[in-house]
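Protein chains in written order, with numbering that gives the first Met the number 0: chain A, 0 to 275; chain B, 0 to 275; chain C, 0 to 275; chain D, 0 to 246; chain E, 0 to 246; chain F, 0 to 246.
Read the hints as simulated data drawn from the structure, not as lab findings.
These figures come from a predicted structure and were not determined experimentally.
Do not rely on the hints blindly, as some may be mistaken.
[To be verified] Derived CB-CB ranges, DEER-like: (1) E:Arg-154 x C:Asp-30: 25 to 35 Å; (2) F:Glu-85 x E:Pro-62: 36 to 46 Å; (3) D:Glu-166 x B:Asn-74: 47 to 57 Å; (4) C:Glu-211 x F:Glu-166: 50 to 60 Å; (5) B:Val-174 x A:Asp-172: 13 to 23 Å; (6) F:Phe-115 x B:Val-8: 51 to 61 Å; (7) C:Lys-266 x B:Arg-175: 25 to 35 Å; (8) F:Cys-16 x B:Asn-74: 34 to 44 Å; (9) D:Glu-215 x A:Leu-176: 40 to 50 Å.
[Said to hold, decoys possible] Stretches of chain F that chain C covers, calculated by requiring three or more beta carbons in the stretch to come under 8 Å of a beta carbon on chain C: (10) 32-38; (11) 68-82; (12) 87-101; (13) 122-129.
[Unchecked claim] Listed below are several chain F residues computed to face chain C (Cβ distance under 8 Å; list not exhaustive): (14) Leu-51; (15) Lys-219; (16) Ile-222.
Even glycine gets a Cβ: it sits at the ideal position worked out from N, Cα and C.
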Amino acid sequence: MSQRIVPTVKRKQIIELSESGRRMDGRTLTDYREITIQTGLVEKAEGSAMVSIGGTKVVAGIKFEVGDPFPDIPNEGVMQVGAEFVPFASPEFEPGKPDEVAVELARVVDRGLRESKVLDTTKLCLIPGKKVWIVHVDVYILDHCGNLIDTAALAALSAMLSASMPEACVDGDTVRLTGRRIPMPITDIPINVTLAKIGNKLFVDPSFEEEEVLDCRFSVAFKENGMLCAIQKGESGYITPEEVLRAVEIAKDKSQEIRKKVVESLKLKSDKVGES
Amino acid sequence: MSQRIVPTVKRKQIIELSESGRRMDGRTLTDYREITIQTGLVEKAEGSAMVSIGGTKVVAGIKFEVGDPFPDIPNEGVMQVGAEFVPFASPEFEPGKPDEVAVELARVVDRGLRESKVLDTTKLCLIPGKKVWIVHVDVYILDHCGNLIDTAALAALSAMLSASMPEACVDGDTVRLTGRRIPMPITDIPINVTLAKIGNKLFVDPSFEEEEVLDCRFSVAFKENGMLCAIQKGESGYITPEEVLRAVEIAKDKSQEIRKKVVESLKLKSDKVGES
Amino acid sequence: MSQRIVPTVKRKQIIELSESGRRMDGRTLTDYREITIQTGLVEKAEGSAMVSIGGTKVVAGIKFEVGDPFPDIPNEGVMQVGAEFVPFASPEFEPGKPDEVAVELARVVDRGLRESKVLDTTKLCLIPGKKVWIVHVDVYILDHCGNLIDTAALAALSAMLSASMPEACVDGDTVRLTGRRIPMPITDIPINVTLAKIGNKLFVDPSFEEEEVLDCRFSVAFKENGMLCAIQKGESGYITPEEVLRAVEIAKDKSQEIRKKVVESLKLKSDKVGES
Amino acid sequence: MSESKIERLISEDGIRCDGRRLDEIRPIKFQLGVLKNTDGSAYVEWGRTKILVGVMGPRESHPKHLALSDKARVEAYYRMASFSVEEWKSPAPSRREVELSKVIREALEPAIFVEFFPRTSIDIFIEVLQADGSTRCASISAASLALVDAGIPMRDLVASIAVGKVEGKLVLDVQDKEDKAGESDMPMAYMPSKNAVTLLQMDGQITHDEFLQSIELLKKGCIEVYKKQKEAIESHFKSAVSNGEEA
Amino acid sequence: MSESKIERLISEDGIRCDGRRLDEIRPIKFQLGVLKNTDGSAYVEWGRTKILVGVMGPRESHPKHLALSDKARVEAYYRMASFSVEEWKSPAPSRREVELSKVIREALEPAIFVEFFPRTSIDIFIEVLQADGSTRCASISAASLALVDAGIPMRDLVASIAVGKVEGKLVLDVQDKEDKAGESDMPMAYMPSKNAVTLLQMDGQITHDEFLQSIELLKKGCIEVYKKQKEAIESHFKSAVSNGEEA
Amino acid sequence: MSESKIERLISEDGIRCDGRRLDEIRPIKFQLGVLKNTDGSAYVEWGRTKILVGVMGPRESHPKHLALSDKARVEAYYRMASFSVEEWKSPAPSRREVELSKVIREALEPAIFVEFFPRTSIDIFIEVLQADGSTRCASISAASLALVDAGIPMRDLVASIAVGKVEGKLVLDVQDKEDKAGESDMPMAYMPSKNAVTLLQMDGQITHDEFLQSIELLKKGCIEVYKKQKEAIESHFKSAVSNGEEA
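Using the sequences and the accompanying hints, generate a full structural model.
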């Protein structure tokens, strides 16, 4: 398992094909595979989404609980992002093994959501300095066919956008839930786009077989207003500064495409986001 | 160690002998091995018992501490059952290895005690919603010669029946111990009976060598009033519904026999239990 | 790694040389290697020290935090000593492996500091029974060339002696830091001295190669007033009672030498300690 | 809890809070072949309970010293997603998940021809996406189908269901609300063609008579589940054939 | 703690709170061969301290790369039952248990002819059922007997005892109450026939003179324990012979 | 936090709180060969950030099944001392330390001729003694030198630095105070002679223009660090030669 023979022949094939702008599965270099977003599967969660990009499938769920704020931001809610690799998602995932790949995934998804301020955590304070909402965002990797980061980020985002939160009523030092649900304080729709560098070409949304032969991975997240809100280069190869600039250009276009898809799939009113 | 060769010859012997109603150690199919119950060995515990069934030996101890209630049952004490396999109890037990067998054992013992409501946890509340008694019931397997479940359940029960609890005095938000001891709120004497299915026969109180060749294990616990309060089928074989019914019939009789033994050993007054 | 061949030839050499009172590195049997003490390296810590004895190098840092007292000593601060073996300190240290050697080291250093009452923890109470200062004393082994105990103990002590603590202001149930720093309540300068028994000789401050061939290790700590405040025999050999007495005599002299060195290095005024 | 006392879970004319009769099972939807990276997989929606099962194997045991010389090593891993229950659940396996993994494995192993695959491992991974009662029954029933999907030869399907006692009455296929307010819960796993019980557990208090009735009710329920399992297999292989896939 | 200041632990005429003289040890009862699944075992009641020790080995080292080419690997595991102390103790090994396991192993290994059993392991499992002071001394002393019961050849028995300083006086064989209120605790393990100290620790504060007296007192105490160990062995093998068992 | 809003971090004439210009790096002091038990080591003081790096290897992989048949396995372990940050930090590795270990390894591996050492391991251990911003950049830059000190052949040195956005302005080499109050942080690792970016991360919000400017600023900064690395190597080998040591 650890002895991954680099499939030299396949890499050659992929690079040759890319010269004419095509890929093994028929896509152009800038095509995403098919994206599907299904929300509401897990009714017991405050929000949930099952998202596929090609064969890669991720489920995300949002749970709220009342908890303690961090001492240095006493008046803000807390968002916690976790990522679990379900062992049936890939023969390489082993049960119960804490994995740096899962940690990196969780932290990249977390930064994409956090830095763009998807969730306005200042509106999640219940009793200043004492009780705030803890928002758990957990993604479970169900099928790994390449590009986990974009799929996981999209699942987490979709779960968040489709969620509603419990209404709480604060009386002195006690927090009581009214049983009613209120909208989430959502302020942005950040989209993460990942490219693989193979040879001197950039491949949008790499497939599993492309990931096996890539030089390195490059992910960048954009806010609705076009600002960059997270970057992560991954894997043990390098990329030139010029390629970085090119990757960012490509990703910016793709992020708009995908955001449109999200808005349509979730039937978001354009005024819902950004005004809460 | 993991390569347990199923001792086919021994299984054949055991089955043949069982045709005439006998077992390798001379017992009939419905005999228990000798049961001994010794209480009070650990004076620092609120209650303790060393119990042997044949060569199998288990020590159980009860400890009280003041703690927080579960949020969903704020006015009840908490009973926590743990099981530890001391490595000298069997060459197969390894130090520090968390083990599904120990977890199952703890949970089966726990259900036997909990579902029969041995302990009236509603009487273990100190400050409603804030402070309750946490009752730790821990069993340590000292020698494993077969039938751990019944031995562990009996040790836990005997420790509980022989225990007294600290008297507490509540003053506002503080709990103070008076230093005096009061009786435990005991309401039942549930008895667990385990049978092994080997071939088409049922063996009460299986020995270690019988366990090595069994098809499956079947355990059932009875309350004093004859109601069933826990069932657990174990191991990777099957049992027919008809055998299940037969097992329950046999176990019911045996449970009364053992309860009598418990009452005698602990010199319980018949009115002590069930009236607290 | 676990198959350490006892270097019989080297042991013979060391013993032969010791007959004439000398050691492989030219020292006499009662010489320490060069000791250097550098404090203040880590400005973010309340106190810190980098200490070398020969090639052995240890860094120690002190951190204060507000926390809960132990229930049985509600009016005293808490001192916690930890020891980490940084894997670059020795080819034998593995990352993340919890190790009985590190645990023993931390506990021996802890006892040396605690039993001599270096720190007057009764002066570290903020709100009796509720809030006290937790003092973390952590030593990191950076280079292991023998005699970890003395080096670690000296690093911990020097960090403590060079530390100042945050001034706190208690108002009802809240603790507020003034931002000012006040002296630590230091009451003693205990010194730990370790000897190795090899053959029938005692070697002060054993080097790494001496530790590889020793019979056993013997450590003893002395307070300023000459009282013994900790002893630890280590490793799987033995020592005679007569050798123990001899070791204690030697160690007493060495402890005074080293304490002088500490006082000079840290430029402590003689009246600073013992009068706070 | 206190409110559940007031709210009746069974009406005067024997209808349960979700509209079912006492011996009626919830809508169950099985689907085979739902994952791409497993050797076999299945998904089940059992009322609101939703579970994914993936099977890997027979494959080389890892680490090797765990291999058994005379049969395949079967392992089951029952895990609940953090958002599958009312309160957020830590991803670290609880003692309940450890025990359930064991009894689920023991419920399935008797159905597998393990002796055909010595020195290999068969791993059954169960992920509960939403838990609304009877998750162990749904897991076992779906895992049977995932094993079939993996092409692993089996003696029979294992069908599983639970009987509970609610407001003094025995009810088939307990959902979460009934389980929490109920007086007992008794899940069984059963291979109908072998008349073989491979899992039986009970919590709570029942009389000997209720026990006898429960066993009958459980057999009836398991056979209903069994039919649904068979239909799911049939429909899966039919669609596979019509799609020109290999079975 | 505050009350222990008021209550005197030693009377004017040198009698301790449990009636002992300053240099008197508690009643000690050793028993060999008390467990069925070990190679050797022993039980000790040392005042109210109660400890079971089981020895497994010499046996194959597991995992194999831990084996030593020139001698047996000796491991000791000192554990306290959750109910053995005043406050309930979590079963996870504390740092104290880890350190004690190490010093106990180092106290016993010098007594074992480890060079007779290269590539094997000897595991010493210690379970403290009740702790009332001097558990490490009682563990070492009982483990010596368990090793004898296992038939492992030894250079000598290891006997162990502690001296404490209580209200300014040195006392032999400290029990829990004295330990907690006392000014120091100094346990030693000793092989009398070899004049070999295999464990020596000290907590607290003592003068150099008190240290010298302590060593003498410890030697005396260890020899008393040693006698009791020998009696226990004798009585064990006598009864074994009279029962027609093999020694 | 609230006070940092009032206190200006950049003055009207573009001077930062520690006196630096916007594109000025802090004083950096590299030192090679500072540890005795490693194959190579380096120490860096980067402003108040202080880090020790030790390299072990190429050496046998352990356990063996982790070895790679075609190249060396490179591992990095980034750890922060408990006292290195404002609040005491538990020694258990945080998720941040795990991620940083991964990206640091990925930043260094492209520079190492890993194909020269199949079946071996190269372990890079990083201990942060004091963290005052840019610890990952300082770690990567120092680790390059430790690899050189270990005599491991490299394609180029990896130099690393971060750009931040503070009060709307891009600043080079962010220190802790600027990082916490700043709007973004963007560290890069770079091999100048290869024009190769081996690490690039970004937190926060920047416009596309700011991104372009940042990349330029990062290249400039990396080249400055690169010069200091070369000087440190030169001075190390010079002193080694003058001391008659082997390089």
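Now the hints, each set against the structure:
no.	hint	in the structure
1	E:Arg-154 x C:Asp-30: 25 to 35 Å	34 Å, holds
2	F:Glu-85 x E:Pro-62: 36 to 46 Å	42 Å, holds
3	D:Glu-166 x B:Asn-74: 47 to 57 Å	23 Å, violated
4	C:Glu-211 x F:Glu-166: 50 to 60 Å	58 Å, holds
5	B:Val-174 x A:Asp-172: 13 to 23 Å	21 Å, holds
6	F:Phe-115 x B:Val-8: 51 to 61 Å	58 Å, holds
7	C:Lys-266 x B:Arg-175: 25 to 35 Å	51 Å, violated
8	F:Cys-16 x B:Asn-74: 34 to 44 Å	56 Å, violated
9	D:Glu-215 x A:Leu-176: 40 to 50 Å	43 Å, holds
10	32-38	holds (count 4)
11	68-82	holds (count 5)
12	87-101	holds (count 3)
13	122-129	holds (count 5)
14	Leu-51	7 Å, holds
15	Lys-219	29 Å, violated
16	Ile-222	29 Å, violated
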